[in-house]
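A.B. asks: Sequence:
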Amino acid sequence: MLKTKTLAASIIIASIGMSGSAMAAGPVFYTGLNAGWNATEFEESSVIDVGGTITKSESTGSASGPAFGGVAGIKFPISTGYFGLEAHVSDSGAEFEETQFVNDQQTIDKTISSNLSVGLSGILAFNVNAHSQIYGIAGYQMTSVEVESSTRDTGTGDVTNDEYDEDLGGFRVGVGLETAITRSLSARLEWTHTAFSSEEYQINTANGVVDSELEGAESRIAIGVIGHF
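Per this note's numbering, the very first residue in the sequence shown carries number 47; after that it's consecutive.
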């Protein structure tokens, strides 16, 4: 997490420093669409009190799935490339499911999904040639995470269903390659990593209320097209 924050701060500070450089042209606005793959690692720790007996547990899970999104931003060209500010929004089908059985009877069915994400980032790009730039990206992202739980009491057979929605926030860094297709269109290949802060929540189960803490880290790779105007 500390390394992610340090890298994010370095890119943003460098971008601000570039503002004093000679501008190669006026600012350029752009929008774009992208598609790719989201892989998110979740870590969860839980505590439950059953009849005065405290039980603690820790678990990890991997959620992955397709992701689609859009961006809008502004570029400030400089002699070595450009720096800019970009907002992004995306949705993902990444989902992790956990099931447990006792005597061939399912007792737990739990799903954690990574859904809508929004964020704001700074970009610093350097020219590779007349048509392409490599860039670093650093900013902050909020992602909606949904936890759905279904638990069965092994004695009575009663099922308890509950769900919880939370926005996880974290610093986002990445690298990418942008190549001009025409004077107004460019293609992008981008990888980003977001380290989310932990969030606490409670969820009802067949054995009582479980106090949990959830944190995660997302890695995403995407290809896309942006149009300048």
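It should be emphasised that the hints constitute simulated quantities derived from the structure, not laboratory data.
Being a predicted model, the structure only gives us computed values, none of them experimental.
Hints may contain errors.
[Unchecked claim] Okay, the calculated beta carbon distance ranges per label pair:
(1) Phe114 with Glu209: 19 to 27 angstroms
(2) Leu166 with Val93: 16 to 24 angstroms
(3) Phe275 with Thr101: 19 to 27 angstroms
(4) Glu246 with Phe275: 22 to 30 angstroms
(5) Val255 with Pro123: 54 to 62 angstroms
(6) Val174 with Ile267: 15 to 23 angstroms
By construction, the Cβ of each residue, glycine as well, lies at the ideal position given by its N, Cα and C atoms.
A.B. asks: Run every hint past the structure and note whether it holds.
C.D. replies: For each hint, the structure was consulted:
1. Take phenylalanine 114 and glutamate 209: their Cβ atoms lie about 24 angstroms apart, and the range 19 to 27 angstroms holds.
2. Roughly 35 angstroms separates the CB atoms of leucine 166 and valine 93, a value that falls outside the hinted 16 to 24 angstroms.
3. Against the hinted window of 19 to 27 angstroms, the Cβ-Cβ separation of phenylalanine 275 and threonine 101 comes to about 58 angstroms, which falls outside the hint.
4. Under the hint 22 to 30 angstroms, the C-beta atoms of glutamate 246 and phenylalanine 275, about 44 angstroms apart, miss the expected range.
5. For the pair valine 255 and proline 123, the supplied restraint of 54 to 62 angstroms holds, since their beta-carbon distance comes to about 56 angstroms.
6. Range check, valine 174 to isoleucine 267: Cβ separation about 19 angstroms, and the 15 to 23 angstroms hint holds.
When each numbered hint is compared with the structure, violations occur for hints 2, 3 and 4.
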